[in-house]
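A.B. asks: Residue-level listing of the chains:
2 protein chains.
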Amino acid sequence: MEYPSKLIEDAVNEVSKLPGIGKKTALRLVLHLVKENENKTYALTNALNKLRENIRFCDTCHNISDEEECSICRSQRREKSIICVVEETQDVMAIENTSQYAGVYHVLGGVISPMNGIGPSDLKIDSLVSRVAQANGAIKEIILALSPTMEGDTTAFYLNRRLKDFTLKVTSIARGVPVGGDLEYTDEITLGRSILGRTLFN
Amino acid sequence: MEYPSKLIEDAVNEVSKLPGIGKKTALRLVLHLVKENENKTYALTNALNKLRENIRFCDTCHNISDEEECSICRSQRREKSIICVVEETQDVMAIENTSQYAGVYHVLGGVISPMNGIGPSDLKIDSLVSRVAQANGAIKEIILALSPTMEGDTTAFYLNRRLKDFTLKVTSIARGVPVGGDLEYTDEITLGRSILGRTLFN
Chain S
1 MEYPSKLIED AVNEVSKLPG IGKKTALRLV LHLVKENENK TYALTNALNK
51 LRENIRFCDT CHNISDEEEC SICRSQRREK SIICVVEETQ DVMAIENTSQ
101 YAGVYHVLGG VISPMNGIGP SDLKIDSLVS RVAQANGAIK EIILALSPTM
151 EGDTTAFYLN RRLKDFTLKV TSIARGVPVG GDLEYTDEIT LGRSILGRTL
201 FN
Chain C
1001 MEYPSKLIED AVNEVSKLPG IGKKTALRLV LHLVKENENK TYALTNALNK
1051 LRENIRFCDT CHNISDEEEC SICRSQRREK SIICVVEETQ DVMAIENTSQ
1101 YAGVYHVLGG VISPMNGIGP SDLKIDSLVS RVAQANGAIK EIILALSPTM
1151 EGDTTAFYLN RRLKDFTLKV TSIARGVPVG GDLEYTDEIT LGRSILGRTL
1201 FN
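Line by line, the protein sequences give chains S and C. The first sequence maps to residues 1 to 202 in the numbering used here. The second sequence maps to residues 1001 to 1202 in the numbering used here.
Hints were generated in silico from the structure; no laboratory data involved. From the three backbone atoms N, C-alpha and C, an ideal C-beta is built for every residue, glycine too. One or more hints might be untrue.
[As the list claims (entries may be wrong)] Calculated lysine-lysine pairs in the DSS-like style (CA-CA distance at most 30 Å, straight line): (1) C:Lys1035 with C:Lys1024; (2) C:Lys1040 with S:Lys35; (3) C:Lys1140 with S:Lys17; (4) S:Lys6 with C:Lys1017; (5) C:Lys1023 with S:Lys24.
[To be verified] Stretches of chain C that chain S covers, calculated by requiring three or more beta carbons in the stretch to come under 8 Å of a beta carbon on chain S: (6) 1003-1010; (7) 1015-1027; (8) 1079-1090.
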């Protein structure tokens, strides 16, 4: 595509580096900004710059936080003896939205993925192990809430091995047929797991 | 949605003001930037800030340009006696992509739309009329390439009235069945116009 201006071209190139945004969408967004009042662009770029300058992560659980310790780790009402291990901040937000969990979290920052060159040392795994060790038996359960993918399963196995010397339960979130899902259209692996992992009907 | 950080919330609010980007997509984009190296965020915000600071429009055709006069208006190879009137920069890019047009352009910056409070004085219409007047008869044809909507048609009628005292042709791009389109699925108005505007088969 030929751009009428180098400035437009540079902006389109940068915007189209964002995930899921191609050159056409980027051009639409950039031309939208050009058409709007310039303060809108500055408000956007300021918010992003401030985010990058001041963003910090909770020292305990590594979730995104505005302070040294995040609001969940600071809360008196959260059960500190249960840690839910997730990949990313998004997962914390998703679980918080269910209102079904009152424990605390540990954000790994990804999963072990040799294909993408991500090993255990790139994740907050040592931090989890030392967090459990420092709690001196106060932590009773680790819930693994990782993606049901090969990488997620690998990470779960690795974590389970690293945690086996502690006296605590390591659990994994239930895998099965989604609520509202149709048996007929559920893939065989999920359906198979839902039969193996069947629960008492009470 | 509850955000783990005010910074994230502010950034999501700003990004979700862009057209076609909702809160969920904005969150995904913002968390992507947080995960990447901070230089990527700064490259993005710098490109956008520079764009807003230095963007300028061609003095003649009002298209986006890096200089006082855009490359199309400056070019010796463009036919200056034909002006194609379009709404936006995107339209210039689309027509340039066809390689079927060798004249120059005039970018109105929108169409007359009383519903959105856009009247003739908000567009570069006076500028077009004085451009034609100053050319002193050198402009032979004005091609109206506006959207086939009520607003586009209104603008075309208005432009035609403003230009009627000059000795030039005012034409409109052809309306008809799109190439590769199916007669059966073409709406009646388009099909009707394609019959009224039929051309000699040579």
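A.B. asks: For each hint, tell me whether it holds in the structure or not.
C.D. replies: Tested hints:
{"no.": "1", "hint": "C:Lys1035 with C:Lys1024", "in the structure": "holds, 17 Å"}
{"no.": "2", "hint": "C:Lys1040 with S:Lys35", "in the structure": "holds, 25 Å"}
{"no.": "3", "hint": "C:Lys1140 with S:Lys17", "in the structure": "violated, 44 Å"}
{"no.": "4", "hint": "S:Lys6 with C:Lys1017", "in the structure": "holds, 25 Å"}
{"no.": "5", "hint": "C:Lys1023 with S:Lys24", "in the structure": "holds, 21 Å"}
{"no.": "6", "hint": "1003-1010", "in the structure": "holds (count 7)"}
{"no.": "7", "hint": "1015-1027", "in the structure": "holds (count 8)"}
{"no.": "8", "hint": "1079-1090", "in the structure": "holds (count 3)"}
Checked against the numbered hints above, the structure breaks only hint 3 and satisfies the rest.
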